[in-house]
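Peer 1: Here is how the chains run, residue by residue.
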Amino acid sequence: MSSPVVADAQAKERFRTARAFARNPLGVAGLAFVLITSGCVVLAAQLAPYDPKAQDYSTVLSGPISAHPLGTDQLGRDILSRLLFGGRLTLLGVFEAVAVAFLIGVVLGLIAGFAGGQVDNLISRTADIVMAIPAIVILLMIYAITSNNPHYGMLALGLLSVPGICRVTRTATLAAKSETFIDVTRVIGMGRARIIFGHVLPNIWGPIIVNTSILAALTLGIQGGLNYLNLGVTPPDPSWGGMVSEAQQSLQLQPWLIVPSGLTLALTIMAFILIADAMRDATAAAGARSERPARRRKAAQPAGPVSERTAGPAVTAPGPVDGAASALLAVRSLSVAFGGQRVVQDVNLTVDTGETLGIVGESGCGKTVTASAILGSLGRTARVSGDVSFLGQNLLGVGRKARAQVRGKGIAYVSQDPMVALDPCFSVGSHLGEVVGRHDGLRAGARRARVSELLTMVGLPNPDDVAKKFPHELSGGMAQRVLIALALAGRPKLLIADEITTALDVTIQAEILDLLRSLRDETGMAMILITHDLGVVADICDRAAVMYAGQVVETAAAATVFLAPAHPYTQALIAANPIVAERGRPLASIPGSVPPPAQWPASCHFADRCLRVEPVCRSGPVAMSQAAGPGQTARCVLLNAGAEAFPVGLERPAKEGP
Amino acid sequence: MARVILLRFVSSVVLFILVPTVTFFVQTLTPGEVARSVLGIGATQEQIDAFNHRLGLDSPPLERYFDWLRHFSQGDLGNSYITGQPVSEILGSRIGVSMSLVIGALLVYSAVGIVIGVGSSVGGRVWGRVVDLVSTIGIAIPNFWLAVILISAFAVSLGVLPAIGYVPLSESPSGWLVSLILPVVALAFGGITSVAKQARDRMIATLDSPHTGVLRANGVSEASLVFKHALRNSAGPVITVLGLNFVGALSGSVVIENIFVLPGLGSQAITSTANRDLPVIQGIAVYFTVIVVVVNIIIDVIVPLLNPKVRRSS
Amino acid sequence: MMTLNSTNRRLGPLRIAAFATITALLAGSAACAGASSGTKQTGTTTRVLTIAASSSPMNLDPALNGNGSPQMWFTRPAYEAFITRTPDGEATPGLATEWGYSDDRMKFVVTLREGVKFSDGTDLTAEAAANSINYWREHTSFTQYLDKVDTIEATGPLEVTFNLKTPDPLLPWVLDQNGQAASIIGPAGLENPEMLGTESVGAGPYMVSKSETIANSEYVYVKNPNYWNPDAQHYDKIIIKVMTDNNAALAALRADQVQVADIDANSVEAAKAAGLHVDQATAALVGIYLADLDGTIVPALKDVRVRQALNYALDRKGITEALYGSAATPTTQYVTEGVGGYVASLEDYYPHDPEKAIQLLTEAGYPDGFEFTLAVQPGALNQDMLSQAVVEAWAKIGVTANIKSYPSFADYAGDLMSLAVPATSFNYYYWGGQLVVIEGLFTNPALYNFFQYNDQPVNDLVAKERGYDLDSVDGIKAAEDVETYVVENAMSVPVAACDTILVSTDDVTGTEFSSVWPMPDMTNYRPAK
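Protein chains in written order, with our numbering: chain A, 1 to 658; chain B, 1 to 314; chain C, 1 to 529.
Hints in this document: simulated from the structure, not taken from any laboratory. Every residue gets a Cβ at the ideal spot worked out from N, C-alpha and C, and that includes glycine. Accuracy of the hints is not assured; some may be wrong.
Said to hold, decoys possible - Computed spacing ranges between beta-carbons, pair by pair:
1. 86(B) - 65(A): 50 to 58 Å
2. 157(C) - 29(B): 36 to 44 Å
3. 348(A) - 3(B): 40 to 48 Å
4. 475(A) - 302(B): 27 to 35 Å
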């Protein structure tokens, strides 16, 4: 990677942030309001209908009239004109305070974040101390000793606000410093200053802008209050806060007058807050999008409110449950869409009692969404159709209560990344105890015993010690075992395990798989293992379902999948898998990547990456059809054109392996 | 954690010395004499000299400063230049008012904020939007403007609540409560929104997190997920925000006390600053600093108790 | 030789040559400050009067009147003076039973009431009284009021004699309850003046309840058990609450939390609409004081034509109506009708005439105007708005006055005393009349003549006025001569004569007051039944 690439990435990042900001109507409105207001204030001399000091004793304390759209004050001065001119002092003051805080805060924050050690310590401690200084007392004094000079007070306020900006900058700098590309630029040998200004600063922009905008809002409020107290105002020059105070004096005669100045102040503060909110969201969104796919856990699942307590996902056209009665779990014609975008299409799966099914595919294929649909944990924004029949009951059609009955007792769940899958605030014992209590309703003593038993079952040697530990005190393997124990607590008939080995190192992976195998044998429960690792399938699964771009493209007995894959995608996956790769040959990979849902064609989803693609592949939807092996089905129009294994195109390894 | 609190104490000592020191030198080294406040415009130079001599203001600033520091280290904040009353006595009668106001506001904005925040976190997207909007509006309304509007609406137009003034708790508990309603509302309003927002964001983050998914899928009830797990996970950050708001409300109380003529530290700060009553100003600075430090220490203690992870990292 | 005290007895209320004591000259924080009082029956026996005052006192020591705010409100309940002036201006016996000038007018002799005790139980003696006045004289910034007095001594157990350097007709005013010089402090207070800031040692009807008082917020007074005239203690307790906001004061009145309040002109209509009782009388002048009459820092101000131009520039009628409605009258002179020295023809001596103003400026050599700083301490009588109005009017004749607004009285006073500013907004009560005002502002030396301006004609005219009884034909004529000279020479810029407005509920009577005696005295208030 070279530095132009880095710069390019940053430019993209910024562009992304700006675009995300532009998509937020409230943020845009806030920015527009601030810009327009500032513009009007700057151009007050041109825009104001009157001189802000011009008095007209014939029209005093007027409400809004055509000659004075916002009324007049006690000296017959035009309120609109005074607002426009008053904005000068007001916004200039805010600018002064914010500029001081920004300039000093960013510089100190960068120094603290970059230098670290004693320098960081000194700056951070000083910032803490300054933050605890009662600012208002200092400000009152400043105004008293500077004879009400409007600028010194605001500059002092800026100085007192430095720690806030400094902290944010420091935190963001620390984060940016640890980012890979900064390391890269360091290696390349760029100067420190160039690193700071060229790379760190552009990347910590977001949080700084957010906090600067909030600071502007707060400063407006504080300044308004001080001006209201006649501090920092220079009559007859108007200020917004001072106008509120003037209006209050004639409240009995013309109550309207407290509206224009106060409202302008409130709207401007609000605009700054909206900018901050939008900027925060935009930074977060851009950050999320720029994350490398390997680090994404739920590639296909858009973030959204997760709670489905009040209403499950909308279910349309639940299909018939025919032929599924014998299976433990039968998924028929399952489709899931988010905001009109289908991410899972027409999925059919069955799991028999005691059977282990592997769902395999690259990231973004819809594996996790399928599992979530079965678990009923998709957000409200999801539109789900088809049916998910568990022990003959269509889970998509049942109410909250029935669904809750199934959870843990019928179907249990072990998630990927065990380190974040436990509530950090509660101990292991507390987690297990709650679930045990839920399922078995035992008394405290018996509950503890059951917790102990569960922890023993998952192979944790000192269950009572483990029970006392908090999640952050566990290793990854231990946490994964605890999660499995949690899932076992309800003695489930089906365990869904989503990429449970991905986050663990290789030896622990094997241990966990061994544990699952023995537990399956002990309890006779069925399992669905979601994985992108064919090794897992080979190791433990009875049957496998291969998913690609939202569809199941092949189902077969596990052995069949490895020995006689029917679908070109399955074949490519296997060719790319280290297990089957020949020693000394570079690992094969599938050219291209899984297309995002929006680009899925109506015809074969894999056509664009398929080495055997033919015109017929693009002619229309492809249905599952019987393939050579027993119980083997695949979604390929070419199935009958040649059943034997075809050579797999070998490519240089790309960044993403299966 | 002991280390954190120890650090707090050390930096507090710095603060306790720093703030009054800054106050002292800023006030002392700039023109404007307290004698003028007390004696008025027509006072002769002899009268002013006599006044300054009586209060020891004619000795060199450094000497006065160290004199003050010596007394301060013994817990003596000195006497007001203006009334001769001991500063601790003046402020002692006022801190109760300020605390009634600020703690009252704390209760209001934390209760309302958490209820709104939690409610909206489980109420879905529309509720979230509504809370966002209301929050933004709430935070945008300057407290002094709201105070004026409240006075004009409730006290002037409707005449249902007292506009102004303070009834000591000892005099009449109900009167005390009633006299605090408007000022507390005016002061609390802006705080509600940031608490609600923080509570909601944290609740949603927790409810969105993998561990909630795992717990739900394994049978933990929604009520427990929301009120036990999410609430507990949100408590630390929310309390941190409550603390920040408390400090903010302390500053806001200066304006609010002035508008509602509450005899608290804030209104005294304005009067004493205008009169150059240095010992009182220093006293107020010390009191405010103590309050801020105490609040920070409380937060430092509470937050790790709620979240073992923080406990460890500290 | 005049009989002692007959002087006072003879004074008819409206013919008094209005001796004004300037209690709140120069932008004191609330000259028009209100004090509201009210009766409140709490229980069957305790009668409580609650008053809302629009500003707070610096200190409760009668001698330390600091910023000139109407401190009298807060010291009056606890301290009684030699002379008690009635709402119509008549001087009646207070701690003194008789008083008067010697034939040569070089002595003023006061006879004290027998058997009076201070609130701490010690006796009032002539020596204690003399000591108290000397203490006041030493500490007060209104020391000018006694600067014609050489010595004050006890010339008998109950006789205090003021030995004068020159004749001074003002003493019966200075020694009344508003003058405060004779608000006699007991020996215990003089021994330990520190305590006077928060407690009282007086011979007034009430005494400060230190434990219930919260400085700057609420001042509580309870009955003085040793008061000489228990019949005049109409209440068991008086509470003075500081309420800076009119809206709040009105609300409190309507809720009967407060029985009397002073309000400003903006709230008069609302008070009447609310059915409250309104007492109103012309009471105070508001305007701009041109201190730098010698042109020390602003040479232009030395030229009478310039000062006249500044006067012609103002549309007083417009300003007055806009700021005070019907609660003020535009004026170009220093006293109001009914007060000695008032000259009807001076009432509109400088009509609004910007062209003439410009012409005068041109003649004076300032065709392009000039620039100076105007000191303003926001406060009573809408002075901040008044200053803004005046400054804008001056801008129209090319004169730039930059307002300097002070949050701190100490800084304001400091700037005036150090001659940093040439002019300030000001206001003062007509209490007492013209002599004190003119003396305070324009003679040399004088309390507010910071720049040591020395104008011999004024000095001479005032000295002449001083030689007469103020209510005599000659005295009034002399006062009118002074008034005419000062107005014709445009020595400052009066703008309006404002009303003091006192609002009360039905529960209280005795709240009336007059232009001659515009300082409401709450010891006159009594329950309506």
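Peer 1: Of the hints given before, which are not true for this structure?
Peer 2: Per hint list: 2 and 3 violated.
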